[in-house]
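Peer 1: The chain contents come next:
Number of protein chains: 2
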Amino acid sequence: VAAASGNTNVDVLTSSFDVSSFMAEPVTPLSTLVKDKDDMKVKMEMLIMKIQADFCRALENEEDPSKKFIVDRWTRAEGGGGVTCVIQNGKTFEKAGVNVSVVHGILPVDAVRQMKARGKELIGKELPFFAAGISSVIHPSNPHVPTVHFNYRYFEVTQENGEKMWWFGGGTDLTPYYLVEEDVRHFHSTLKNACDQHDAGYYPKFKKWCDEYFLVSHRNECRGVGGIFFDDFEMHSQEDCFKFVKSCAESVIPSYVPLVKKHRNDPYTSAERDWQLLRRGRYVEFNLVYDRGTKFGLYTPGARIESILMSLPVYAKWEYMHSPSDGTPEAKLTEILKNPKEWI
Amino acid sequence: VAAASGNTNVDVLTSSFDVSSFMAEPVTPLSTLVKDKDDMKVKMEMLIMKIQADFCRALENEEDPSKKFIVDRWTRAEGGGGVTCVIQNGKTFEKAGVNVSVVHGILPVDAVRQMKARGKELIGKELPFFAAGISSVIHPSNPHVPTVHFNYRYFEVTQENGEKMWWFGGGTDLTPYYLVEEDVRHFHSTLKNACDQHDAGYYPKFKKWCDEYFLVSHRNECRGVGGIFFDDFEMHSQEDCFKFVKSCAESVIPSYVPLVKKHRNDPYTSAERDWQLLRRGRYVEFNLVYDRGTKFGLYTPGARIESILMSLPVYAKWEYMHSPSDGTPEAKLTEILKNPKEWI
Numbered sequence: 001v002a003a004a005s006g007n008t009n010v011d012v013l014t015s016s017f018d019v020s021s022f023m024a025e026p027v028t029p030l031s032t033l034v035k036d037k038d039d040m041k042v043k044m045e046m047l048i049m050k051i052q053a054d055f056c057r058a059l060e061n062e063e064d065p066s067k068k069f070i071v072d073r074w075t076r077a078e079g080g081g082g083v084t085c086v087i088q089n090g091k092t093f094e095k096a097g098v099n100v101s102v103v104h105g106i107l108p109v110d111a112v113r114q115m116k117a118r119g120k121e122l123i124g125k126e127l128p129f130f131a132a133g134i135s136s137v138i139h140p141s142n143p144h145v146p147t148v149h150f151n152y153r154y155f156e157v158t159q160e161n162g163e164k165m166w167w168f169g170g171g172t173d174l175t176p177y178y179l180v181e182e183d184v185r186h187f188h189s190t191l192k193n194a195c196d197q198h199d200a201g202y203y204p205k206f207k208k209w210c211d212e213y214f215l216v217s218h219r220n221e222c223r224g225v226g227g228i229f230f231d232d233f234e235m236h237s238q239e240d241c242f243k244f245v246k247s248c249a250e251s252v253i254p255s256y257v258p259l260v261k262k263h264r265n266d267p268y269t270s271a272e273r274d275w276q277l278l279r280r281g282r283y284v285e286f287n288l289v290y291d292r293g294t295k296f297g298l299y300t301p302g303a304r305i306e307s308i309l310m311s312l313p314v315y316a317k318w319e320y321m322h323s324p325s326d327g328t329p330e331a332k333l334t335e336i337l338k339n340p341k342e343w344i
Numbered sequence: 001v002a003a004a005s006g007n008t009n010v011d012v013l014t015s016s017f018d019v020s021s022f023m024a025e026p027v028t029p030l031s032t033l034v035k036d037k038d039d040m041k042v043k044m045e046m047l048i049m050k051i052q053a054d055f056c057r058a059l060e061n062e063e064d065p066s067k068k069f070i071v072d073r074w075t076r077a078e079g080g081g082g083v084t085c086v087i088q089n090g091k092t093f094e095k096a097g098v099n100v101s102v103v104h105g106i107l108p109v110d111a112v113r114q115m116k117a118r119g120k121e122l123i124g125k126e127l128p129f130f131a132a133g134i135s136s137v138i139h140p141s142n143p144h145v146p147t148v149h150f151n152y153r154y155f156e157v158t159q160e161n162g163e164k165m166w167w168f169g170g171g172t173d174l175t176p177y178y179l180v181e182e183d184v185r186h187f188h189s190t191l192k193n194a195c196d197q198h199d200a201g202y203y204p205k206f207k208k209w210c211d212e213y214f215l216v217s218h219r220n221e222c223r224g225v226g227g228i229f230f231d232d233f234e235m236h237s238q239e240d241c242f243k244f245v246k247s248c249a250e251s252v253i254p255s256y257v258p259l260v261k262k263h264r265n266d267p268y269t270s271a272e273r274d275w276q277l278l279r280r281g282r283y284v285e286f287n288l289v290y291d292r293g294t295k296f297g298l299y300t301p302g303a304r305i306e307s308i309l310m311s312l313p314v315y316a317k318w319e320y321m322h323s324p325s326d327g328t329p330e331a332k333l334t335e336i337l338k339n340p341k342e343w344i
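Line by line, the protein sequences give chains R and B.
Each residue of the first sequence is one higher than the one before, starting from 1 at the first, in our numbering.
Each residue of the second sequence is one higher than the one before, starting from 1 at the first, in our numbering.
It should be emphasised that the hints constitute simulated quantities derived from the structure, not laboratory data.
A few of these clues could be false.
Part of the chain R face toward chain B, derived, beta carbon under 10 Å [claimed, not checked]:
#1 285
#2 320
#3 325
DSS-like, lysine-lysine: derived pairs with alpha carbons at most 25 Å apart [claimed, not checked]:
#4 B:295 to R:338
#5 B:341 to B:205
#6 B:295 to R:295
We put the beta carbon where it would ideally sit given N, CA and C, even for glycine.
Please construct the entire structure, taking both the sequences and the accompanying hints into account.
Peer 2: Right under this line is the structure:
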């Protein structure tokens, strides 16, 4: 049956049900995963567990061999759980967090609304929901290696009238401390290629959405040099949407890891380290003041706070009235953050 | 007339109109201040300019003599301005900010509502307003010296029907890194004495409000060991309210500066410094996620961002799953933050 369907069930049945390469056992019992293999909830959980494992291994390859991800498998009293993988104070990665969560239960409608960018009206006050997502932020030690963030997620909400809604959301975005245009072009091209496999309109649309979303409004500057961002993604069949999200998630490693490899041993000064810490302060400002995912998490009962705030850097710095001098690489980056541009 | 009134107009007319001791010229032209000397807007501006100067001098006495406050006098395009005083990377004070702002203009009603804790209904959509306030956060270098924050403010809003509303708000609260109970008792006693001069019910009420307000909900712990906090303060004559606020503002120096004097030369370890930085991360979490004043500022057009975010520490730190070991001074503090107690 699976082979005949011609979709990713093939992978799921053959290679993907080998969960031995995952960072931990999936959240859902293996017997349920096998039984419900055609259910999108299962397909998404299997995808994000695999993406997590692949990304963690790829990062470990760039790290001191003695430093491995610590793996926390946790459960949520209200339903579901997750797997949180963290490296802290590594040689390459000052902080690297890759979190999978697969949760379900009853959600207040306000919380559901906070997850949808524009959203259809949801009917009902407290709604059964399911959410499976992978979320990751990598803060490298070397200021010449950019920070990356990605998040891919799938939601189901059942309304009071019994109607089930589903949608995908996600994105990948880059936050350099020093601008290397070639690197930014490589990053954006990789994401564009992933998008173009599905629809030539996706990259321009989701690139723009990314610039708009990751805006530190009170400073009128973007968090970084963007990437792609989308929400309420449901315009095609569930299967087509899933395939698109899968392509995006699979493009994280080729978009980012080459930049780590290229710069992780670059020499740097203490002034450059200082600039990196100031920019990390701005990262904290965005995540705590604006990021919908973070806010949703902080306001959700039973949320695992440490997995949400794992996105914050080890160190951040604030300096009153700091402004880089004209003509410096720091000023060049600031200029780009204030005026996002097309990279390809 | 002023002498006969038996209120603080006496000070205003005699000593307080000597603005030479202020950190900068008041925001409002001196001629207007003199002309409108009985207007609460003027009395509040004069009070907060004096409190700023007194507090800055008192802090400078505890600092390396070569390190003085830098003073920025700024204007707001939409009306009014302020005086921001900052010490950064001092011997005693890693960051000390004392900001006065006296602003007016038209405010969207949502912004006005955000400033009122419970608030009467305001009639109208865009309302003329006036706000004068002093706000300060002191982050000392030595982990044995606590952080202090205070803010005292006066608002006027004119509703669409012409009715003018006014209220005061404010508070002072302490955030130690290591708990010295005697110090906390000194701090709370000083605030209690200031309150008790006006109403024996104030301290218990405003102490409780402070514990409730400065709660980092997602961690279920208080930001510090509290103090006093109040908003929508308008239950008496304007003059009586002002006198109470004046007593509170004048109690900042005696409540806090002795603690700086006592501990600023205490020896400390790098582990204690590390703990201080982790606690500062929590301070950032509160200020960016919950603090109404900060949020109000970040969402107000024309706000001076650097004066709002001056409350953030120079350095902050986040560590995944950090938890102090049982029986340590760090665990003792954490216990108190999770279970606020009565200090006097």
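Peer 1: Hints first: check each against the structure and report whether it holds.
Peer 2: Now the hints, each set against the structure:
no.: 1; hint: 285; in the structure: holds (6 Å)
no.: 2; hint: 320; in the structure: holds (5 Å)
no.: 3; hint: 325; in the structure: violated (17 Å)
no.: 4; hint: B:295 to R:338; in the structure: holds (22 Å)
no.: 5; hint: B:341 to B:205; in the structure: holds (14 Å)
no.: 6; hint: B:295 to R:295; in the structure: holds (14 Å)
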